Amino acid sequence: MINTKNCKNLINSDFYKDILAEKNANYLIEKHILHNVPYYFKDKMDLFFDIKKKISQKYNIPITNIYLVGSGQLGFSLNPKNNYRDFIETENSVFPKASDLDFAIISDKLFGDIWDEICGFRLSDFPYSDKTADDYYTFENYLFKGWIRPDTFPFDFKMKKEWFEFFRSLNSLVNRKVTCGVFRNEISFLKQYTRSINELIKIIQTEKLK
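So the number in the numbering used here is just where the residue sits in the sequence shown, counting from 1, plus 274.
Hints were generated in silico from the structure; no laboratory data involved.
Just to be clear, a hint being listed does not mean it is correct.
[What the hints assert, rightly or not] List time: in silico DSS-like cross-link candidates among lysine-lysine, alpha-carbon distance up to 27 Å:
hint, residue 1, residue 2
1, 316, 451
2, 332, 419
3, 432, 355
4, 434, 327
5, 328, 291
6, 355, 291
7, 316, 326
8, 305, 419
Keep in mind it's a predicted model, so treat the numbers as computed, not measured.
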């Protein structure tokens, strides 16, 4: 059940209208995520370009392989755990944390470089804790889906530290946390967001949102 009070951006969006028009997930991804002006940067496209350019130069990735995803792109979250809520501009009494800006890189090479650094890690090599184990299996779950967030890896390694420091350096440009994941290829990217969007489509088809 969606709490419509906190998801006005979804209900008023062209994304929602396209779902009602029975457009499929691939159409929605291509139109609203890959080839649309980001919600957060709609009046700051120069800044959006500058951030993508910094990421591109840092990791030697074509700028066309870097995308904003999540609520910063759409204006609302695709995560059902967040109840599809609106992008949170600033922290408030209801939501104590402003929304992050989540970027995605599609690059087989960068994915492989990160994998080369982490493939030798084993959970048994490190002091055990419930949190470490949970983090490890969460990371592993994402890895099997074809994407990596180096900053979420439960153990320290050189690329994780550099990754965290680089994206933290971007926070001051937008006054909020900037994160980034790496997808091995476009197929992995599409599968990840197809799952989320199909779940939302199913909910919208069974509920009357007003």
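*Hints the structure violates: just list their numbers, smallest first.*
Those not satisfied are hints 3, 5.
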